[in-house]
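S.K.: Letter by letter, the chains look like this.
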Amino acid sequence: MSELLKVSGLGKKFGKKRVLEDVSFALEPGRVYGLLGLNGEGKTTLARILMGVIPADRGAVLFKGETLRFGAAAYKREVGFVPEDSFFYGWMKVGELLRLNASFYPKWDADRVRTLGENLGLDPKARIRTLSRGQKLKLGLVAAIGAAPDLLILDDPTSGLDVPTRHDFLRGVIRDLAERGTAVLFATHMVHELERIADHLIILQGGRIILDRRFEEVKAATRRVKLWFDGEAPEWPAIEGTLSVEGEAGRIEAVVYPWSGAVEDGIRSLAPTRMEVETLSLEEIFVGFVGSGPARPTARS
Amino acid sequence: MNGQLILREWKEKIEFPLFFLALLIVIVGLLAAVPQRGEGLLLLAGSVVLVFLPGLGLLIGATAFSAEFKDGAWEFLFSRPVRKSTVWISKLIALCGYLAATLLVYYLVLSALPGVRARLSEFAFDSDLGRITPWMLCLALSFSLFIIAFSLSLLTDKLFQVVFLSGFLCLGLFALSSFLFFVLARIESRFVFLVPVIWGLAVAGIAAASLAVFCREDFSQPRRKTLGFLKWSALLLIPALLCVLAAAWIGEWFRPLQCIDVQPAGRFAFVQTDRGSYLYDADRDKLMRLAGRSWEWGLSAGGGKIVMLREVSKGDGLESKLWIMDKDGRNMKRLLSAQQFADPRFKKQDISDCDISREGARVAFITYPLNHWRRGHLWTVNSDGTDLRDYPIDFPNAGLWAINGWTGDDRRLLLSFMEIAPEGERKIPSRWLVIFSAETGAWQIVTENFSMFYSFGLSPAGDKLGAGFHSPQLVPPGSSKPFEVYVTPDILAVFDLATLSRTDILTGRSFHAARWDPTETRIAFLTDQGKNLGVYSLAESRVTAEREVGSETKNLPRNMMDWADGGRKIAVTSRFDDHYVLRIFNGDLGSEKNYRIPGSTKFPTHPTAFGLGTKILIEEFQKNRLLVFDLATEKWRKLF
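So the sequences go chain by chain: A and B.
Each residue of the first sequence is one higher than the one before, counting from 18 in my numbering.
Each residue of the second sequence is one higher than the one before, counting from 19 in my numbering.
Keep in mind that the hints were calculated from the coordinates and are not lab data.
All figures in this text were calculated on a predicted structure; none of them were measured in a lab.
Yeah, the Cβ is synthetic: ideal placement off N, Cα and C, and Gly gets one too.
Hints should not be assumed to be uniformly reliable.
[To be verified] Label pairs and their calculated CB-CB ranges: (1) A:E301 to B:Q179: 48 to 54 Å; (2) A:T147 to B:Q179: 29 to 35 Å; (3) A:G88 to B:T174: 20 to 26 Å; (4) B:I111 to A:E233: 52 to 58 Å; (5) B:A252 to A:N136: 51 to 57 Å; (6) A:G88 to B:K88: 47 to 53 Å; (7) A:R75 to B:K88: 30 to 36 Å; (8) A:R150 to B:A252: 26 to 32 Å; (9) A:G82 to B:Q179: 51 to 57 Å.
Kindly produce the complete structure, drawing on both the sequences and the hints.
M.R.: Pasting the structure below:
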């Protein structure tokens with residue numbers, strides 16, 4: 018499948034702090050990409066760079082094969098963006114904001130916006146400053162989806178939504194968009210949200226991408242191994258792919274990615290009295306990747 | 019520009035015009051309540067125009083991006099498919115529209131109020147930039163403050179900082195402009211136009227820097243944004259200012275000459291301009307460049323030589339000042355060598371005047387000690403630089419010496435000086451005329467302590483001097499009246515330089531100007547501030563013709579009238595309703611022809627006329643034009 022967006026070697030510093038370092042990945046149409054990372058790992062910065070809100074220090078972004086320069090505007094007609102916090106003029110009414118927004122997008126889907134707005138309970142006459150955080154986020158989603166974008170960038174928008182709305186939004190709207198061919202880059206630290214919808218995982222840590230793989234592949238290749246020993250547990254050997262190791266008296270627990278026969282053989286050579294191998298949830302995988310432990314492996318597709 | 023963005027901006031800031039319109043109603047009420055002639059009216063109207071309205075510009079500009087800071091709407095604006103420059107320009111246009119509309123409403127309303135307009139016009143002042151009114155200042159200040167504040171408002175959400183910094187910048191710009199204005203007005207007033215250009219460029223540069231920051235800098239980093247603004251300001255302002263200075267410097271080469279003075283002599287006229295000295299030869303109808311700028315000159319009638327004093331640079335010796343050349347500008351050389359000027363008598367001296375004899379054989383010049391006018395020396399020297407002679411001037415308290423010319427026999431010099439009171443004494447300055455014999459070195463006083471208000475020079479043959487005097491009834495002896503106020507002379511007199519006798523040929527009139535007929539038989543004169551033109555015959559000792567040629571006008575130049583065509587015609591410039599004409603009369607004033615001076619307008623330029631044979635040289639100093647009218651072909655030609 019052809020790449021809709023390609024990012025290569027992206028770097029960004031705020032003062033002396035390096036926020037993004039050699040970030041490269043690609044997005045394909047019709048897929049939902051989960052962009053995971055702890056707070057302050059550069060997810061918002063990455064989203065802002067992709068939207069042309071702030072410039073990158075290094076690297077290149079290609080949209081539909083064309084290199085984007087900072088300040089380019091035309092490509093944004095095909096990109097929807099919902100930030101974490103409300104970014105609308107508080108004095109405007111919902112209807113006014115949507116009309117203003119519509120003027121920027123030639124493919125604006127007014128009917129869909131109306132339907133979606135009604136479903137989400139948005140009052141066109143309400144002043145934006147009087148809306149709750151959740152309602153502002155709904156407005157943001159409507160404004161972004163109304164543009165019928167080829168790429169939708171969501172910067173952790175669902176944290177303020179109530180559970181039913183979040184559920185409807187994720188299952189209904191996002192999957193629906195993906196099925197229509199829209200690529201969705203969903204940056205969040207609420208990992209469990211993604212489990213239901215993500216096709217692909219990108220994990221940012223320390224400004225670098227440490228994982229860029231299909232979700233199913235990651236899920237299938239990540240294992241938690243629990244080992245029991247008589248007496249003191251031995252030293253954990255240098256097994257490639259070890260994400261985390263925790264040890265206590267007579268017991269070792271480790272997360273390994275990617276799991277393979279060679280890895281299993283290496284572990285069994287420790288001669289545990291008992292050994293259990295489990296698959297992990299996305300949240301556990303994420304913790305495995307970004308939690309404390311030895312140096313993380315980088316997994317790129 | 020984006021219509022929806024402009025509309026959004028207007029809706030957002032709708033409170034501003036509404037507030038200021040409400041305030042206008044209050045102001046109008048106050049103005050109506052204040053007595054029409056009271057100072058309160060002036061104060062209120064002046065403060066509205068010069069303080070309040072610029073304050074409005076400052077306020078509108080400073081709050082330009084307040085909503086983006088408050089609501090975090092930067093991200094919304096920047097993530098829309100619209101160019102950042104479009105966002106910035108749309109905002110500027112929208113707010114500019116508000117400001118312009120408010121200023122217009124205020125202008126219309128305040129100007130319509132009886133009394134306010136008249137009182138405001140009292141603020142107006144004339145300068146090298148024209149007439150500057152309070153409204154012009156208001157516009158300049160309002161829009162400058164608006165644009166500066168608008169440009170800075172994207173750097174911080176702290177309104178006070180933006181207002182303070184914008185006001186400070188505008189004040190600095192005003193101080194810099196005022197300084198430049200006064201410096202340029204004193205040094206080179208034609209460059210005063212650079213003041214508003216630099217002002218405009220500075221404001222435009224700040225706006226351009228703001229636009230560059232908006233489009234190119236990272237708004238998530240305030241420090242980087244501010245540094246970016248400083249960087250762009252320097253990048254845009256410095257080259258812009260250099261371009262202006264380069265354009266002014268290049269324009270200097272292409273701009274027309276600026277005429278400083280025209281001095282006629284026979285069929286020649288010496289034209290002094292800001293870029294050099296020129297000689298107009300009427301016979302050849304040609305303007306020839308002689309040299310760089312010069313201040314004094316003498317042209318020999320028969321010898322075809324010119325002697326002139328050139329402007330010199332600091333450090334140049336006197337030898338760089340005194341030059342002699344042929345009348346066509348060729349063979350230009352220093353009259354005296356550096357060795358000759360090395361004589362101790364020239365030490366710490368300057369040359370004030372020079373003249374060349376009619377046959378071109380002898381040159382006279384005057385030196386005086388620097389910073390001391392009173393102990394001058396008269397020098398004579400052959401035109402080839404030989405036979406240099408020194409004649410100390412031994413008249414106590416005599417200063418400001420001038421050579422009036424060589425007499426017709428080329429043996430004597432007519433000089434004049436002002437008698438200045440000895441230090442510590444107060445005395446009305448009076449003028450002296452003396453004759454100096456270049457053969458014997460003897461001095462003869464022609465007249466002393468006289469109140470000669472106007473001299474129309476030596477006669478063409480060099481044996482007489484014509485002058486206008488004040489009678490004792492008009493200006494009693496010792497009176498300072500002619501030096502303090504404009505009093506036209508009421509006696510027209512002729513000095514015979516052979517007998518040193520004075521003949522009062524006309525009295526009891528108000529003489530504005532007079533001219534010798536080239537044949538030396540008649541004197542044409544203007545009376546009553548240029549109203550009447552008369553011809554006095556020296557042979558018949560009476561006025562042979564007189565007629566009205568204009569209306570009494572103040573500040574007319576004395577050389578607005580001259581003989582032409584060898585004494586057969588008299589040329590006078592005169593103003594009609596909306597233009598100037600050259601009026602050509604016969605010598606008996608019997609007939610006349612009028613020729614409209616091309617390009618002349620209602621603007622009072624008071625053109626001067628110099629008769630040079632059949633050519634008449636017209637100078638319009640205020641318009642910086644020098645024209646030639648040919649009496650034979652009745653055609654005009656513009657020299658510059």
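S.K.: Determine for every hint whether it applies to the structure shown.
M.R.: For each hint, the structure was consulted:
1. For the pair E301 of chain A and Q179 of chain B, the supplied restraint of 48 to 54 Å holds, since their beta-carbon distance comes to about 50 Å.
2. At about 30 Å, the beta-carbon gap between T147 of chain A and Q179 of chain B stays in the expected band of 29 to 35 Å.
3. As the Cβ distance of G88 of chain A to T174 of chain B is approximately 22 Å, the hint placing it in 20 to 26 Å holds.
4. Checked against the hint of 52 to 58 Å, the pair I111 of chain B and E233 of chain A passes, with Cβ atoms roughly 53 Å apart.
5. Between A252 of chain B and N136 of chain A the Cβ separation comes to about 54 Å, which falls inside the hinted range of 51 to 57 Å.
6. For G88 of chain A and K88 of chain B, the Cβ-Cβ distance of about 24 Å falls outside the hinted range of 47 to 53 Å, so the restraint is violated.
7. Between R75 of chain A and K88 of chain B the beta carbons are some 33 Å apart, a value that agrees with the proposed interval 30 to 36 Å.
8. Our hint of 26 to 32 Å for R150 of chain A and A252 of chain B is violated, since their Cβ atoms are close to 43 Å apart.
9. Restraint check, G82 of chain A to Q179 of chain B: a C-beta distance of roughly 45 Å breaks the suggested window 51 to 57 Å.
In the structure shown, a violation is registered for the earlier hints numbered 6, 8, 9, in ascending order.
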